[in-house]
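Asker: Fit chain X to the given chain R structure using the hints.
Protein chains: 2
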Amino acid sequence: MPSFKTFYSEEPPEGYSSSLGVDYVIVYKVPEAEVEQAEAAYVQLIKQLTSIGLATEVRESEPGTLLIFVKVASGQLFANQVYRARLTDWLHGVRTTAPSQELSESLRQERVTPAERLRLVYRMLVKPRNEGGAGITPKIGVWRYVDSLFPLHNHSLNRRWLQRFSTTYLLDPSDLDEIRDELGEGVAYYFEFIQTYFRFLIAPAALGLGAWLLLGQFSWIYAAACSVWSVVFFEYWKQKEVDLAVRWGTRGVSLIQSDRAEFVFDREDIDPVTGELVKVYPPLKRFGTQLLQIPFALACVVVLGGLIVMCNSLEIFINEVYDGPFKQYLGLLPTILLSGLTPTFSAVLTAVATKLNKMENYRTEEAYQAALIQKEFVLNFMTSYMAAFFTSFVYTPFGHVITPFLTFWHRIARMITMGNFQIKAHEFHVNPRRISDQMFFFTVTAQIVNLATEIVVPYLKRKVFKTVKEFKHEKEMSPVEGEDDKFIARVMAEYELDVYDVNVDYREMVIQYGYLSLFSVAWPLAACCFLVNNWIELRSDTLKIAVGSRRPIPWRTDSIGPWVEALGFLSWLGSITSAAIVYLCSNSLGAVEAGVSMNSTGGLASDEILEKPLVRAAQVQHSADFTAWGLLLVIFLAEHLYLAMQFLVRSVMSNLDSPGLQKVRKERFQMKKRMLLATSNADSSMMANQDGVPGIEESERIIRRELNKDMDRAEMRGQAIPEEVFWHKHQTMAETIDAGRIIIAQVGNKAGKAMPSPKAE
Amino acid sequence: MPSFKTFYSEEPPEGYSSSLGVDYVIVYKVPEAEVEQAEAAYVQLIKQLTSIGLATEVRESEPGTLLIFVKVASGQLFANQVYRARLTDWLHGVRTTAPSQELSESLRQERVTPAERLRLVYRMLVKPRNEGGAGITPKIGVWRYVDSLFPLHNHSLNRRWLQRFSTTYLLDPSDLDEIRDELGEGVAYYFEFIQTYFRFLIAPAALGLGAWLLLGQFSWIYAAACSVWSVVFFEYWKQKEVDLAVRWGTRGVSLIQSDRAEFVFDREDIDPVTGELVKVYPPLKRFGTQLLQIPFALACVVVLGGLIVMCNSLEIFINEVYDGPFKQYLGLLPTILLSGLTPTFSAVLTAVATKLNKMENYRTEEAYQAALIQKEFVLNFMTSYMAAFFTSFVYTPFGHVITPFLTFWHRIARMITMGNFQIKAHEFHVNPRRISDQMFFFTVTAQIVNLATEIVVPYLKRKVFKTVKEFKHEKEMSPVEGEDDKFIARVMAEYELDVYDVNVDYREMVIQYGYLSLFSVAWPLAACCFLVNNWIELRSDTLKIAVGSRRPIPWRTDSIGPWVEALGFLSWLGSITSAAIVYLCSNSLGAVEAGVSMNSTGGLASDEILEKPLVRAAQVQHSADFTAWGLLLVIFLAEHLYLAMQFLVRSVMSNLDSPGLQKVRKERFQMKKRMLLATSNADSSMMANQDGVPGIEESERIIRRELNKDMDRAEMRGQAIPEEVFWHKHQTMAETIDAGRIIIAQVGNKAGKAMPSPKAE
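Top line first, the protein sequences correspond to chains R and X.
Using our numbering, the letters of the first sequence correspond one by one to residues 1 to 761.
Using our numbering, the letters of the second sequence correspond one by one to residues 1 to 761.
For reference, chain R alone in the conformation it holds in the complex (with noise of 0.2 Å):
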């Protein structure tokens, strides 16, 4: 792996300067117990991939490990692969006009970006061989042997983003647009969402400062400002997301879904669509087992709600409460338990989730990961926020709920220390700087720890790993030779990394826009840190991605998928829990100050003389300053304010074109002109002119036409129908407007008559 440094100098390092052509490396392992197996594997591997066109090359990296390189053999071969992919995305909608007809053209055109050559020639080792693919699954079933397969940086533009990326501000629509053409939309997705996350969040960020500076925490102008961002930003970015799939004509691409292998189906039927046999789960069957994450939301709510308050109240009681031995050391004892805990407990907690989402047999790819998305979404948002909860609803405004578990903790350490401690001989106070502290934590400690352990742990890590390994190869090999030796350590050094996946980044700026939705009426100066750290972040990814990962596979993508639904999901709760937290946490920040207070007699403690002024702290507490019908209403408005800013806001932004989708209705339009206009060539023949207006004289003459074919039948019918008879009685243009001038002219008489003599009346 190149170190950080490699990439700001001049020139980069032998073997990776160049990828030498090669599209996608497989890593092929070969296991000491099935050498026989893994070599008819490998013939039938390199067969196939020749057979559906691609050129192949072998390596020895390390013993037992082959890497298969792969390449398009011929541009003409690829160009029709090319030309196939485009007009199925026509076919599917996604492209609002067909590729030209004419190969050549069409490639002119467009060109075929670094993005969609690997998507193509990524689809073509995986699609099924039926479908014209080389069918490789890694790991499973004939491919076992097939450990990964990936493509190559492109160092030398990675060290150039890395450069520029550090020296800019904000990225321009050129710098996406190349993301776009190297990485896929999927990755520039995300650099688009967080490049405008970060812009927006100048706003908070400001009114933040402000309102630390002049309002203190608990501000209702912040509450309701932030409020109102959070629903333009949500707004602002569905429209956006729009207009970036038609910019990067993606639209509609997530309707074109891939079947995930471990599907199993009840029945095969005829698509109604395609007319194509399809494989069918009943949805209502499916939504059974959907059922089943009510109860499992409910098991995390008590997993982790019980370990946070457990943590939380243990935590309180050896700080505001205990004061015996070791009291600097147990201090820890939470947060270790915390750290320890939490992780051990989610990973849990998300294997059932995924063994829940396995069950829901979903039959799709996308649909499958949304679905897992969605549910690890559920315990991020517990794991993330339940302490922040806990302390702003219950610890802040009802400190005396937690005697309990107080008296419970002062037992155990009672039985441990068989009643040899003391507890505080000064006031216990409920700490209104709870809050504010824990959020200093969530906005600061945790996103440098967090960007540790993105950037600096998977370095290190490898470092170790890299050294343990040599050693213990020094003794067994001698070192590969040959000309080649230092592109294959490239190669082996890239597969070494990780495999990036952009919902981790996506998870992590939605976890951190929670906060500021949620929280940050209690620490307005949240925002500012985000937008320090986002600064940063993009950065980090980026060095994570040209770096500290394998180069992704370029997928498509119209959307930020499951994700924009957290988001909306954390605005609208966001409206709630600010309301609450300032109408609850401003009014018992009063009561605290007033001095609520527990004195302790000082000595041996016993549950008496804890759990007594603990009641009355509680009973004092309970007469705060607030009320439940209060808190409802206040809880009420909010929502509803925010309901209706919502609708107010999309229906201003519906009105407001976006450049997006004028896009689309133009190219439709345009599309659609040119086909009526050759269709209007056809019909040229007939008497209309352009509007399809025949004139006075040419309307007459067929009028006249028409009227004498009905006297004809009439003649040789022997007698007229009323209807003849009817349109008959002027004949022509000028008689009917004679009649009507003599009818006209009656009025004008009769009027003349009348007025005179008004007695004829």
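Just so you know, the hints here were simulated from the structure itself, not pulled from any lab data.
As the structure is a prediction and not an experimental result, all values here were calculated from the model.
Be careful, since some hints might not be right.
Because identical chains share one entry, a pair is satisfied inside a single copy or across any pair of copies.
[Unchecked claim] List of simulated lysine-lysine pairs, BS3-like, C-alpha gap at most 30 Å:
1. K463 <-> K750
2. K729 <-> K139
3. K238 <-> K663
4. K127 <-> K663
5. K673 <-> K663
6. K666 <-> K238
7. K544 <-> K461
8. K285 <-> K673
9. K139 <-> K750
10. K729 <-> K127
11. K29 <-> K358
12. K139 <-> K486
13. K240 <-> K279
14. K709 <-> K47
Answerer: Positioned in the frame of chain R, the structure of chain X alone reads:
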């Protein structure tokens, strides 16, 4: 006008059996003072009509009134119009497939329905001259003598409908298709809506009957079930709407909008989509005007709310407190006041709303209408529901708040009667049956009155009007002569009918739906009454269209327009009001029954005597068995359960494929598939087989050719670049396979060696 009876006789009356091929009738009124101008305009009108290919006839009906009959002169000419209109639809995306290029083929595939014919002729009549129409704008400008233009009824079909509908329980799809073919999608949508609503009503009717028998008023179970029902109905209808649009080929037709003649533009601009010059009015400027709706809505609340409170409290005073002279007559006073003042006030407010709507300056007729309907809906909402809101949210739970009003009426009464009246000697109760009495009034009495106003009153009005007219004309003129007297008389009879507005019928249904959703929990039998009412309503609406109105111009539509939003709003609000009514009223019912009473001392009343017991009653009431936080909690829970239910129903329904959308997808797919096949033939010259896969031999040949080219280039250059060297290590597939086999074999050898002698490690 034919009497109701004639529709059931075997033979239609003379003049009614055939429309003599007339497409439209233009009624032309010549005022005595402007004979010359009218004559000139008449000549221009006939010329104009002739020039666009319409045949005309003229007759006099009564002095000063000309009937100009218009029909399409030539089938060929009209076929051209039909074809152009269909192409334009396709251009606007209403049709998925372009009409067949062969004109006669296109008309054969898809016949021209009477509705399509009348719609196109109407378009020809009113479309501006520069777009190939006659540009007739009745009552405006040069066409100010054109009183109206309308098509003629198909009486034999109307008679058949009335016979059929009055003998069947439900209309089947072919009936609706027939309505659509004859009267256009606008009317057909209404019939489908009322039919769907009628079918859905069976559930709450059964439920309501059950609740009324077993659970009584104010049942939680009924409220919850009704809320679920409203969600399902609303979501079902939204899907049905799309299906219908697909079935009738009008999907997206609401996007084709016609310019309003009154639209004032700020500037002209190039349309970015079509490239044509369009008139622009900035949406934000309009939004500024739209903000005036807020004070307007407040004014409505004050005016109509004040009226309701005044009349209701007066009624309560007279019925429950007052016991003086004329009590039996005074009891009617509030109802008379309310029935007299509500229409007056709402007429004034409607006028203001229309004025506001004009100020908002919408570019298109459709946007103007939708905005006007919304404003009128707000007014209707207030006039319809405010009384019930007052009773359920003020009178029943908080009887005491009306004390000041009762005192006010008491003073007035004393002033008028000079203190000469008594107040009741018996106890004063808040009447818990008041809400059910009101609901009975709204659901039964009002619906019957409404039916009468819709059908009977216009009928009588016309009868009287006609008699007066006949009496007046008798002396003045000789009776019309000629062979087509009866036809002219029939046309004049149709001319004298009302213009049918489908929105009036929608309003009635939506307001009814509102009673069901908002208040039926107070009187669960409401749905039963509505079920009966709506069976009659559908038939009476048929009668209204067939006998009581001119034939409507067959507009197209792809939805029920803004009414669907009104339905959604009422469903949502219903979840809140139902829960609140149950909570408030079921509790206060108990409180009232426990006996909150007001004893009069009898004899001459004084303010003190009246006021004191009222205040006491108020205090007792206030401690009734409900709390503000309880109410808020109930509302909060009910609303969120409703929203969750909506989310659930939506996600389930989005998984069930709708037949309409499937049809669209299928058409699109097949259209494109045809084009794809056509394109595939074009590139059949390429060596790829059907899937674009060359096969092993072909691929080997291509790969070797490409590699050889590289080599040739390298030789010419004199040295090979690294890429060429890399890919030439193994030049054929066989070599690559062998190379891999050797590497794999080494793994086997080593394993073989390693296993017997582990110390070699």
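Asker: Between copies, within a copy, both or neither: which fits K139 and K486 at Cα up to 30 Å?
Answerer: Answer is within: at 27 Å inside a copy they meet the 30 Å cutoff, but 89 Å across does not.
Asker: Could you figure out if K729 and K139 sit no more than 30 Å apart (CA to CA) within one copy, between two copies, both or neither?
Answerer: between (90 Å within a copy, 28 Å between copies)
Asker: Quick one: K666 to K238, C-alpha cut-off 30 Å, is that within a copy, between copies, both, or neither?
Answerer: Result: close both inside a copy and across copies, 21 Å intra and 28 Å inter.
Asker: First find the shortest C-alpha distance between K729 and K127 inside one copy, then the shortest across copies, and answer within, between, both or neither for a cut-off of 30 Å.
Answerer: between (76 Å within a copy, 29 Å between copies)
Asker: How do K544 and K461 come out at 30 Å by Cα distance, when the copy is not named: within, between, both, or neither?
Answerer: within (14 Å within a copy, 82 Å between copies)
Asker: Within a copy, between copies, both or neither: where do K238 and K663 come within 30 Å Cα-Cα?
Answerer: both (17 Å within a copy, 28 Å between copies)
Asker: Using 30 Å as the alpha-carbon threshold, which applies to K463 and K750: within, between, both, or neither?
Answerer: between (112 Å within a copy, 28 Å between copies)
Asker: Can you tell me if K240 and K279 fall within 30 Å by alpha carbon in one copy, between copies, both or neither?
Answerer: Answer is between; shortest inter-copy Cα gap is 27 Å, intra-copy 35 Å.
Asker: Between the shortest in-copy and the shortest cross-copy C-alpha distance, which are at most 30 Å for K285 and K673: within, between, both, or neither?
Answerer: Close neither inside one copy (47 Å) nor across copies (33 Å); limit 30 Å.
Asker: Should K709 paired with K47 be assigned to within, between, both, or neither, using CA atoms and 30 Å as the limit?
Answerer: Classified as between; 23 Å across copies, 78 Å inside a copy.
Asker: Can you tell me if K29 and K358 fall within 30 Å by alpha carbon in one copy, between copies, both or neither?
Answerer: Within. Shortest intra-copy distance 28 Å satisfies the 30 Å Cα cut-off; inter-copy 76 Å does not.
Asker: State whether the alpha carbon distance between K673 and K663 is at most 30 Å within one copy, between copies, both, or neither.
Answerer: both (15 Å within a copy, 25 Å between copies)
The structure fails hint 8 only (numbered hints given earlier).
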